[in-house]
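When you read off a place in the sequence shown, starting at 1, and then add 472, the result is the number in the working numbering.
Hints were generated in silico from the structure; no laboratory data involved.
Treat the hints with care, since some could be wrong.
Calculated pairs, DSSO-like style, for lysine-lysine (alpha carbon to alpha carbon, straight line, at most 30 Å) [unchecked claim]:
{"hint": "1", "residue 1": "LYS706", "residue 2": "LYS586"}
{"hint": "2", "residue 1": "LYS553", "residue 2": "LYS754"}
{"hint": "3", "residue 1": "LYS605", "residue 2": "LYS594"}
{"hint": "4", "residue 1": "LYS586", "residue 2": "LYS684"}
{"hint": "5", "residue 1": "LYS605", "residue 2": "LYS951"}
{"hint": "6", "residue 1": "LYS546", "residue 2": "LYS589"}
{"hint": "7", "residue 1": "LYS951", "residue 2": "LYS911"}
{"hint": "8", "residue 1": "LYS553", "residue 2": "LYS586"}
{"hint": "9", "residue 1": "LYS951", "residue 2": "LYS706"}
{"hint": "10", "residue 1": "LYS594", "residue 2": "LYS546"}
{"hint": "11", "residue 1": "LYS684", "residue 2": "LYS494"}
{"hint": "12", "residue 1": "LYS911", "residue 2": "LYS684"}
{"hint": "13", "residue 1": "LYS605", "residue 2": "LYS589"}
{"hint": "14", "residue 1": "LYS605", "residue 2": "LYS542"}
{"hint": "15", "residue 1": "LYS546", "residue 2": "LYS684"}
{"hint": "16", "residue 1": "LYS605", "residue 2": "LYS706"}
{"hint": "17", "residue 1": "LYS594", "residue 2": "LYS553"}
{"hint": "18", "residue 1": "LYS911", "residue 2": "LYS887"}
{"hint": "19", "residue 1": "LYS919", "residue 2": "LYS887"}
{"hint": "20", "residue 1": "LYS589", "residue 2": "LYS542"}
{"hint": "21", "residue 1": "LYS887", "residue 2": "LYS928"}
{"hint": "22", "residue 1": "LYS951", "residue 2": "LYS919"}
{"hint": "23", "residue 1": "LYS911", "residue 2": "LYS706"}
{"hint": "24", "residue 1": "LYS754", "residue 2": "LYS887"}
{"hint": "25", "residue 1": "LYS586", "residue 2": "LYS605"}
{"hint": "26", "residue 1": "LYS684", "residue 2": "LYS594"}
{"hint": "27", "residue 1": "LYS911", "residue 2": "LYS928"}
{"hint": "28", "residue 1": "LYS684", "residue 2": "LYS605"}
{"hint": "29", "residue 1": "LYS589", "residue 2": "LYS553"}
{"hint": "30", "residue 1": "LYS951", "residue 2": "LYS684"}
{"hint": "31", "residue 1": "LYS684", "residue 2": "LYS589"}
{"hint": "32", "residue 1": "LYS589", "residue 2": "LYS754"}
{"hint": "33", "residue 1": "LYS542", "residue 2": "LYS706"}
Between beta-carbon pairs, the in silico distance windows are [unchecked claim]:
{"hint": "34", "residue 1": "ASP601", "residue 2": "ASP934", "range": "51 to 57 Å"}
{"hint": "35", "residue 1": "ASP763", "residue 2": "THR881", "range": "49 to 55 Å"}
{"hint": "36", "residue 1": "LEU652", "residue 2": "THR881", "range": "40 to 46 Å"}
{"hint": "37", "residue 1": "VAL937", "residue 2": "GLN484", "range": "27 to 33 Å"}
{"hint": "38", "residue 1": "GLU623", "residue 2": "HIS685", "range": "31 to 37 Å"}
{"hint": "39", "residue 1": "LYS684", "residue 2": "CYS577", "range": "28 to 34 Å"}
{"hint": "40", "residue 1": "SER936", "residue 2": "THR881", "range": "49 to 55 Å"}
For every residue, glycine included, the Cβ atom is placed at its ideal position computed from N, Cα and C.
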Amino acid sequence: MRISISNYNDGQVVGYNLVLLKGSIDTADHSDGEPATLGRSLSTESCSSTSSSDSSRWNVPTHFDCGSIKTFLKNFDRHEKYELSLKIVRNRFILLIELSEGINCVFFQDETGKVIKEFRIKFLPSSNDCYVKPLYIVCSDSYPEGGNDDENFRLNQRKIHLGLKIIQALYAEKLFEWGLSRRTFTLVNDSSSCEVIQIPRTTQEVRELETKHLWDLLAREIRANSRIWDTRCKYVAFMADPWKPQRAEKLENSPALAGGGLALIGSDFLQVWSDQFQNVLKQLGDESPIDVQNFTFGSFSRNVGSLFSASLGGLAHEIGHIFDLGHTEGGLMGNQYHRIDLCLSPLVSYPKSVVHVYSADDERQIRPKVCLPNGHIAEDCVSLSFSCATLLFFHRWFRSTPGRSLPETGPVLTKNTISSNVGLTVIEIRDLDNGTILKSWTFDRVKVRYEFHMGKSTIPSDQSVVDVIAQDFHGNILKCLA
């Protein structure tokens with residue numbers, strides 16, 4: 473039996489402590505003499521499917537029996553060791569690992585206790601001084617602590633922190649799919665606590681507010697709070713008190729909105745989230761029915777697992793907006809964010825209809841062809857476009873070194889020309905109304921582009937005014953109208 477890790481190298485260093493390992497188990501003895509390899513074809517699966525079962529959502533008819541394989545994680549610096557939960561489907565596996573600082577070793581053992589494989593990965597925390605902070609928002613007539621609510625409050629904090637760490641790891645994987653090195657945002661600290669903000673509105677008053685008005689109110693509260701406000705920080709705010717539309721026709725008024733440095737989202741779905749990383753994969757496959765019609769993201773869901781996937785993907789989508797990402801036709805920043813479970817699946821289908829071949833010019837299509845380092849060409853439903861991935865790669869909040877140490881003089885627009893002294897990385901033309909990326913150009917260091925001329929063909933003919941986004945190699949971003 474041979475075990476292979478497909479998405480990490482042995483001894484690799486990462487700057488975040490929740491890691492997603494994928495790989496394969498190649499058994500040596502088969503009746504037909506053929507090894508169980510990864511070359512077997514997968515059937516096509518629709519990205520828009522909301523099927524609830526573990527097998528249909530992950531496109532798997534049966535579980536592959538690879539014997540009593542056990543996995544353990546040991547940290548050599550802290551002398552810690554504990555067993556991990558391994559998800560195996562048709563000889564492919566996925567493993568979610570929470571690392572301790574220093575060198576961590578994953579041991580794969582067979583039923584006899586023999587070590588089949590050792591795999592080392594080092595966690596070195598990011599030194600970036602730009603960070604993300606979770607907030608827990610309560611109304612003036614409610615309190616997060618005391619009585620029976622105290623334990624529920626602490627439980628929700630653990631769920632929020634774990635959810636953010638999953639999204640942190642997923643963004644790193646999305647950059648990796650484009651052949652970029654893994655980068656992601658930094659959380660404020662490694663504790664599971666959330667900053668609590670009590671807003672000057674009652675529960676009933678908040679229920680009557682539109683999402684945009686609540687976002688504006690919260691943004692003002694954050695800026696006025698000297699203990700919380702920091703220009704180096706972006707905030708993810710969870711509305712603790714129920715905020716559901718009172719009439720069915722208002723269901724579009726869901727508590728999810730992001731822009732600038734603040735993402736606002738509800739918290740009703742937290743009851744289906746896991747607070748332990750060992751249970752995340754199991755929770756995503758949970759087929760237990762649930763009345764989802766009154767839940768945020770309930771329209772995408774039929775059971776516990778699909779609601780977990782849809783709400784986690786919805787949060788990842790909103791977090792993308794606070795890092796200046798626009799909307800795309802599909803993928804994570806489009807209408808397929810609810811299929812985040814595919815990122816956490818041992819098996820993933822890649823519909824041929826979304827794979828494109830690019831021409832040699834600089835302009836990129838919105839929906840990407842993902843070129844994996846192992847030579848496979850693939851795309852899952854929650855991919856990032858190449859311009860989005862590039863923008864994140866150079867973003868100040870995604871660097872492993874202090875983001876504030878770089879010069880803050882960014883690109884400038886003079887007449888019809890965008891220029892930068894350090895070179896441009898991304899130019900995007902976005903719809904003014906909904907932020908959809910209409911056109912995009914990306915540039916690299918091989919042939920540095922210091923100027924970009926916006927001619928008549930740059931702006932789509934059916935658009936009178938558009939948003940222009942330009943980023944330089946230092947992560948400075950210009951936003952203007954054209």
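Holds or violated: LYS684 and LYS589, Cα atoms, limit 30 Å. Violated: LYS684 and LYS589 sit about 52 Å apart, past 30 Å.
Could you grab the alpha-carbon distance between LYS919 and LYS887 and see if it respects the 30 Å cut-off? holds, 24 Å
Going straight from one Cα to the other, do LYS887 and LYS928 come out at no more than 30 Å? The given pair, whose Cα atoms are some 13 Å apart, holds under the 30 Å limit.
Do the alpha carbons of LYS605 and LYS594 lie within 30 Å of each other, as the hint requires? Measuring from Cα to Cα gives roughly 24 Å; hence the hint holds.
Holds or violated: the 40 to 46 Å window for the beta-carbon distance between LEU652 and THR881? violated, 25 Å
Determine whether the Cβ-Cβ distance between VAL937 and GLN484 falls within the hinted range of 27 to 33 Å. The hinted range 27 to 33 Å is violated for VAL937 and GLN484, with Cβ atoms some 46 Å apart.
Check whether the Cα positions of LYS594 and LYS553 lie no farther apart than 30 Å. Between LYS594 and LYS553 the Cα gap is close to 15 Å, so the pair holds against 30 Å.
Has the given pair, LYS553 with LYS586, been kept, meaning a C-alpha gap of at most 30 Å? Given pair LYS553, LYS586 holds - Cα atoms ~16 Å apart, limit 30 Å.
Is the straight-line distance between the alpha-carbon of LYS951 and that of LYS919 30 Å or less? holds, 24 Å
Is the straight-line distance between the alpha-carbon of LYS754 and that of LYS887 30 Å or less? violated, 55 Å
Starting from LYS605, check that the Cα of LYS589 is at most 30 Å away, please. It is violated: about 37 Å lies between the C-alpha atoms, which goes past 30 Å.
Does the structure keep LYS951 and LYS911 at a Cα separation of 30 Å or less? holds, 15 Å
In this structure, the hints that do not hold are numbers 1, 4, 11, 13, 14, 15, 24, 25, 26, 31, 33, 34, 36, 37, 39, 40, in rising order.
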